[in-house]
Structures are given as structure tokens and as C-alpha cells.
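Which chain is which? The protein sequence lines are V and G, in order.
Quick note: the first sequence uses the numbering used here, first residue 1, plus one each step.
Quick note: the second sequence uses the numbering used here, first residue 1001, plus one each step.
Read the hints as simulated data drawn from the structure, not as lab findings.
Just so we're clear, the structure is a prediction, and the values are computed from it rather than from any experiment.
There's no promise every hint is true.
Subject to a maximum C-alpha distance of 30 Å in a straight line, what follows is the list of computed DSBU-like cross-link-like pairs (lysine-lysine) [to be verified]:
{"#": "1", "chain 1": "G", "residue 1": "1096", "chain 2": "V", "residue 2": "173"}
{"#": "2", "chain 1": "V", "residue 1": "122", "chain 2": "G", "residue 2": "1096"}
{"#": "3", "chain 1": "G", "residue 1": "1039", "chain 2": "V", "residue 2": "122"}
{"#": "4", "chain 1": "G", "residue 1": "1276", "chain 2": "G", "residue 2": "1025"}
{"#": "5", "chain 1": "G", "residue 1": "1039", "chain 2": "V", "residue 2": "120"}
{"#": "6", "chain 1": "V", "residue 1": "120", "chain 2": "G", "residue 2": "1321"}
{"#": "7", "chain 1": "V", "residue 1": "122", "chain 2": "G", "residue 2": "1276"}
{"#": "8", "chain 1": "G", "residue 1": "1294", "chain 2": "G", "residue 2": "1039"}
{"#": "9", "chain 1": "G", "residue 1": "1096", "chain 2": "V", "residue 2": "120"}
{"#": "10", "chain 1": "V", "residue 1": "74", "chain 2": "G", "residue 2": "1314"}
{"#": "11", "chain 1": "G", "residue 1": "1010", "chain 2": "V", "residue 2": "155"}
{"#": "12", "chain 1": "V", "residue 1": "155", "chain 2": "G", "residue 2": "1171"}
{"#": "13", "chain 1": "V", "residue 1": "74", "chain 2": "G", "residue 2": "1321"}
{"#": "14", "chain 1": "V", "residue 1": "40", "chain 2": "V", "residue 2": "227"}
{"#": "15", "chain 1": "V", "residue 1": "120", "chain 2": "G", "residue 2": "1276"}
{"#": "16", "chain 1": "V", "residue 1": "173", "chain 2": "G", "residue 2": "1044"}
{"#": "17", "chain 1": "G", "residue 1": "1010", "chain 2": "V", "residue 2": "122"}
{"#": "18", "chain 1": "V", "residue 1": "178", "chain 2": "G", "residue 2": "1171"}
{"#": "19", "chain 1": "V", "residue 1": "120", "chain 2": "G", "residue 2": "1076"}
{"#": "20", "chain 1": "G", "residue 1": "1044", "chain 2": "V", "residue 2": "120"}
{"#": "21", "chain 1": "G", "residue 1": "1096", "chain 2": "G", "residue 2": "1044"}
{"#": "22", "chain 1": "G", "residue 1": "1321", "chain 2": "V", "residue 2": "40"}
{"#": "23", "chain 1": "G", "residue 1": "1076", "chain 2": "V", "residue 2": "122"}
With the Cβ distance kept under 7 Å, some of the chain V side facing chain G (calculated, not the full set) [claimed, not checked]:
{"#": "24", "residue": "58"}
{"#": "25", "residue": "60"}
{"#": "26", "residue": "87"}
{"#": "27", "residue": "124"}
{"#": "28", "residue": "128"}
{"#": "29", "residue": "130"}
{"#": "30", "residue": "132"}
{"#": "31", "residue": "140"}
{"#": "32", "residue": "162"}
{"#": "33", "residue": "165"}
{"#": "34", "residue": "175"}
{"#": "35", "residue": "196"}
{"#": "36", "residue": "198"}
{"#": "37", "residue": "202"}
Where a beta carbon is used, it is the ideal one built from N, C-alpha and C, also for glycine.
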Amino acid sequence: MSDYNTMELMICTAARELKDGASVAVGTGAPCAAAMLAQKTHAPNLLIIFEAGGIGPLLPEMPISVGDSRTIWKAVMASSMTDAMETFCRGLVDYTFLGGAQIDMYGNINSTRIGPDHQKPKVRFPGSGGANDFGSFCWNMMMLTPQDSKRFVEKCTFITTPGYLQGGDSREKAGLAKGTGPYRVITNMAVMGFDPESKRMMILSINPGYSESDVQNNCGFELLKAKKIVETHHPTKHELEVLREQVDPYRYIIGR
Amino acid sequence: MEIFEQGIGKVFTSPDADEARAHFKTKSRIMTNKLMTLKEAIEKYVHDGDYLAIGGFGANRASIAACHEIVRQGKKNMGFAGHTSTHDFQVLSAGKVFNRCDVAYIVGLEARGLSPNARRYMESGEVEVCEWTNYALAARIKAAAMGISFLPARNMMGTDTFTYSGGKKIKCPFTGQFYVAMPALWPDVSVIHVHEADVYGNSRIRDITIADWDLARASKHLIITCERLVSNEEIRRIPYQTQIPFYCVDAVCEVPYAGYPGVMAYEYFSDEDHLKEWLTVEQDLEKLKDFLDKNIYQCKDHLDYINLHGGAEKMMMLRRKELLLNADKT
Chain V
1 MSDYNTMELM
11 ICTAARELKD
21 GASVAVGTGA
31 PCAAAMLAQK
41 THAPNLLIIF
51 EAGGIGPLLP
61 EMPISVGDSR
71 TIWKAVMASS
81 MTDAMETFCR
91 GLVDYTFLGG
101 AQIDMYGNIN
111 STRIGPDHQK
121 PKVRFPGSGG
131 ANDFGSFCWN
141 MMMLTPQDSK
151 RFVEKCTFIT
161 TPGYLQGGDS
171 REKAGLAKGT
181 GPYRVITNMA
191 VMGFDPESKR
201 MMILSINPGY
211 SESDVQNNCG
221 FELLKAKKIV
231 ETHHPTKHEL
241 EVLREQVDPY
251 RYIIGR
Chain G
1001 MEIFEQGIGK
1011 VFTSPDADEA
1021 RAHFKTKSRI
1031 MTNKLMTLKE
1041 AIEKYVHDGD
1051 YLAIGGFGAN
1061 RASIAACHEI
1071 VRQGKKNMGF
1081 AGHTSTHDFQ
1091 VLSAGKVFNR
1101 CDVAYIVGLE
1111 ARGLSPNARR
1121 YMESGEVEVC
1131 EWTNYALAAR
1141 IKAAAMGISF
1151 LPARNMMGTD
1161 TFTYSGGKKI
1171 KCPFTGQFYV
1181 AMPALWPDVS
1191 VIHVHEADVY
1201 GNSRIRDITI
1211 ADWDLARASK
1221 HLIITCERLV
1231 SNEEIRRIPY
1241 QTQIPFYCVD
1251 AVCEVPYAGY
1261 PGVMAYEYFS
1271 DEDHLKEWLT
1281 VEQDLEKLKD
1291 FLDKNIYQCK
1301 DHLDYINLHG
1311 GAEKMMMLRR
1321 KELLLNADKT
């Protein structure tokens, strides 16, 4: 089965990380597609929470905004942002997906600015939004992102959202909740995890069609390698059918 | 209390709880008719230099009608709460309404992309910024609603978001755990769009409330725009549906479709074509000027603007889309 594109592979890989009975805080786009796919395949009991207050919706289609009315479609509750975020902070949310303009070897993310002058930046991005909150509160933070050495950098211009900060135990020392932090980085080329001690990014599996050197050459810092690097699983026929027919029939995400 | 670290960002509004109490002491406790036009409400309660917040979530139940009116009246030098702000931010940026901004989410329109003009404005150096997060600003507003000067939160630590914020890192006196103290945020004026309100300001929101429950209580002055007016008897018939009580409210404006071109839950979906037009037009400053003339400055009010974009027929189409009735499926 090789009849799929990169975005479809990334979404299917991300969906598989979401265990049945777990909870996930999602944004729009590919993360939402992954959560919907998981819910419609192996994880029917996946609890989806949106930061603006949409809790447990039966999403009829992909929301355009994390606060739009689709996020409360047949939901169990139309709540508030403080309620959603405080639920994350209480430790009730297992997974989240984030993206950004830059990511470093400890999984720190920049979505704020490029350029040295904060008051007059070269490029201004949206800022944290809920990303810093998700990255601070959720047990397992995942990143779903295209990979190149401009995005995977030695040092972020600005750390918007905490990964493992300077590595080791620096995250916990800074005051962030114990046992939280980056968990997976899912790119077009590979799936990465983090070394339990140094907290540095580590190749776990490589996507079909790419080599270890492709992955390293498209990364601005040295990647650690798992003892046994495997090939990322291909999407199954069933996953692709559900993704194409039920999750994203208009190909908003998978058509990119 | 020992401060372990502090951000270098400027806190634009006073977090002093006694100053806030002195203001709320003067607020009327009497149920009076506060019905007025949106034009009158913005003239009366939104002043140059004030600190402004817009309820909802950018293009979801945000009072875009109020943003247009603020731009139309040429308000300037305001402070702005860039909390979950998307299309509202885009409109206010087009009018160069504010010169200082608490940033949680700005410039972007989520899945739709980034606003070229809002970016230009934020990269120009004309706007002083202080960084926060969505929860940080929600917590600051919640502290204000509680009548206290700060709330501790367990985010932002270890990041540049903290470094460029106005937060202070403190230690819990019970556990020794670190927290960021978030200073209370009492906006001078806010506008919240709701489904139903009576003429006194008692309001119902049939939607996620985002930060609006707290924002209504934290705001020194509050303008309510509503899809429709209901009687006070109707409000009293189901009191548990009231989210905002009259004493928080200064003005009530009946503005159907005030959230257009954004979403209003159970009422109308967003006009994605028009939102896309905004993003496209913004690439060219000359085109943007004509576009703003046509869509904001030359419109008398929001109804004028709605009529410019298809009027009742368009709104019926967007209602069918919102309710997923599939009648317009192509």
C-alpha cells in the first residue's frame, strides 16, 4: 500500500499515537484530522477538548477555528476557556499537538517572532495563543510539522512554548509540572522521540522513501538515534478510507 | 513575597484591586433601560486612549459590528487585549486603533492564514507589545472578575513568553512550587456579542463563553450587542440561562448579525469568501484603502455592510450552513 501522500502518512501516524480512552487538546488543521481519524478508527472513546470551551464534540467536519461552532457540535458541554485550560492544568489531558516556525533539539517551539527587536520584529507570528498553555499543562506534547533545517534549528530566536528547555531536568526546575513535556515529533520524513536523560530529540522511525541521512541533513542540530530505528508504518487501507471519506472529504488538509 | 524572576513587559493597566473597587462603587445598581444604537454606545463609552477588549473568539461570536464602528469613528491610541483575537484584530489593525497590545494570539486567522496588514502593523514598531498566553490573559481577566489583584498560574515558566511578559515568578507558601503571578486586567471598556439580552443588559450566550463570563465582570464599562432583544419576563422565566447580569452592563445595542463575517453559534456560519477577500486585498495597501472605504467608512451601520454582502439572502444561506442543513450543497 503506497498510494498515499505525505500529509496522509503524517496524520495516520499521529492518529495512532492517540490511545483509546485518552484525552487530547487539539487545534485546527492536521492535529484535528488526526484526532478525528483516531476517534473513527481505533479510539472511539478519545475525548477531544478545545481550548475555547468545546468539550467532547462529535465533529461533523473539521473546524476552521478552535472556537467555532463546530467545536460544540453534539458536544457534552459548551464551556469556557478557563474551564478547558484548568482541566489541562489539573492533569486530565494526555496529548496535544503543536506546530511552529522553529523547533530546537529539546522540543522548544517558536511561534512569536523572527528578528532581534521584540518591539519591531522582522517577522511577527501570532504568539503563544494556547500553545504555551498546552505545552505547559498536557502530559505529552506532540509536534506535527514539515521538516527542514530552517525550521529545526540549533537555537530558537524566541521560545514561545516550553519543550525540555535546556534539557536534563531544567523543565521541572523552572517550575513546570512533573512528568510533562515533548513526546513525539512527527514530520514528513520521520518520527522522533526524546532521550529520557538528556531530553534531546531522537530518531525513532523513518518514513518510507527517506534515509537516516535525509533526516539528519534536514535538521539544524545533531539528532540522537534510537537503538533500533524502524520504518514508520504505512497507513492501512481502512485508515486511508476513513481519512479521505469521513474526516477530510474536501481534501482541505490532505490536499495540501 | 519573594520574586524569583520577572518579565520585562509593561503591564498596561493598573492591577490595583482598590482602584477597581472605587470604580465599581460608582456603578449603578438600578435596572434602567440601556438601549441605544451602536454608534451612540461607541461614542459614549469608547474613548481615545482607553484599554479595549472584544469578547468572543476573533471570528466566533465577536462583535465585528463594534470593531467596524470603532474604526469608523476613528478611535486612536487605545490599548487592546489581543486575546484569541483574529478577525477583530485584523479590523482594528486596519483602522490603526491601538498603539499598545497585550498579546496572546494576534495577526493570524487560525486555519485561514496570517493577515498581511495586521502583520505589517505589528512589524512597524508603532505598537508596544507585552507577551502573554491565551490562558494567561483569561486568568488576568478572571482575577479582575474576582476582585483581586493577581492569580497564580502554572504556565509560561522557562520561556521567552515569560521574559517578555509582565508576570512575576513566585513560590507557593504551602508547597514551595513555582507559579507565575498574573496581574489582574480591568479593561476600561469591552464589547461582548450575545444571542439575547433585555434592555437592562441581562444577557444569554448560547455558545462556549471563552473568557466572556469573566470579561463582563472585569470590564469597567461594558457594551452588549445582541442578535435580538428579549423581554425581562423572558429572562426571569429561565434565570439559569443568564450569563451576564444587568449591573455589569452600560449599553445594550440590538445588532442582528453583529458577528458577521464570523460565526454565531446556531445562528449563522462564517462567510469564508469574504474573510478570504480581506486576506487577499490586504496584500496591496491601495486596494486595502478602497476596500475599507467601501466596507467600513462609507457604511452607515452594520446593516449597510450586511446588505453590501448579499443581505437577507446571504444570511439565510449562512444560517443553513451553520445548521448543516445541506440545502446548499454543491
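To see whether the hints hold, each was checked on the structure:
1. 1096/G with 173/V: violated, 42 Å
2. 122/V with 1096/G: Distance of about 19 Å is within 30 Å: holds.
3. 1039/G with 122/V: violated, 37 Å
4. 1276/G with 1025/G: violated, 45 Å
5. 1039/G with 120/V: With Cα atoms ~34 Å apart, residue 1039/G and residue 120/V exceed 30 Å; violated.
6. 120/V with 1321/G: Not satisfied, since the Cα-Cα distance of roughly 41 Å exceeds 30 Å.
7. 122/V with 1276/G: holds, 25 Å
8. 1294/G with 1039/G: Status holds; Cα separation ~18 Å.
9. 1096/G with 120/V: OK: residue 1096/G and residue 120/V at ~16 Å, within 30 Å.
10. 74/V with 1314/G: holds, 25 Å
11. 1010/G with 155/V: With Cα atoms ~26 Å apart, residue 1010/G and residue 155/V stay inside 30 Å; holds.
12. 155/V with 1171/G: Holds - the C-alpha atoms of residue 1171/G and residue 155/V are around 29 Å apart, at most 30 Å.
13. 74/V with 1321/G: Answer holds: residue 74/V to residue 1321/G is near 16 Å, not above 30 Å.
14. 40/V with 227/V: Violated: residue 40/V and residue 227/V sit about 33 Å apart, past 30 Å.
15. 120/V with 1276/G: holds, 27 Å
16. 173/V with 1044/G: violated, 50 Å
17. 1010/G with 122/V: Judged against 30 Å, a Cα distance of about 21 Å means the pair holds.
18. 178/V with 1171/G: holds, 16 Å
19. 120/V with 1076/G: holds, 20 Å
20. 1044/G with 120/V: violated, 34 Å
21. 1096/G with 1044/G: holds, 20 Å
22. 1321/G with 40/V: Holds, at roughly 24 Å.
23. 1076/G with 122/V: Holds, at roughly 25 Å.
24. 58: violated, 12 Å
25. 60: Cβ of residue 60/V sits 6 Å from chain G, so the hint holds.
26. 87: violated, 11 Å
27. 124: holds, 4 Å
28. 128: Holds. Min distance 4 Å.
29. 130: Holds, because the Cβ-Cβ distance from residue 130/V to chain G comes to roughly 4 Å (cut-off 7 Å).
30. 132: holds, 4 Å
31. 140: Violated - the Cβ of residue 140/V stays beyond 7 Å from chain G, reaching only about 16 Å at its closest.
32. 162: holds, 5 Å
33. 165: holds, 5 Å
34. 175: Status holds, d = 3 Å.
35. 196: violated, 19 Å
36. 198: violated, 17 Å
37. 202: violated, 21 Å
Comparing the model with each numbered hint stated earlier shows that hints 1, 3, 4, 5, 6, 14, 16, 20, 24, 26, 31, 35, 36, 37 do not hold.
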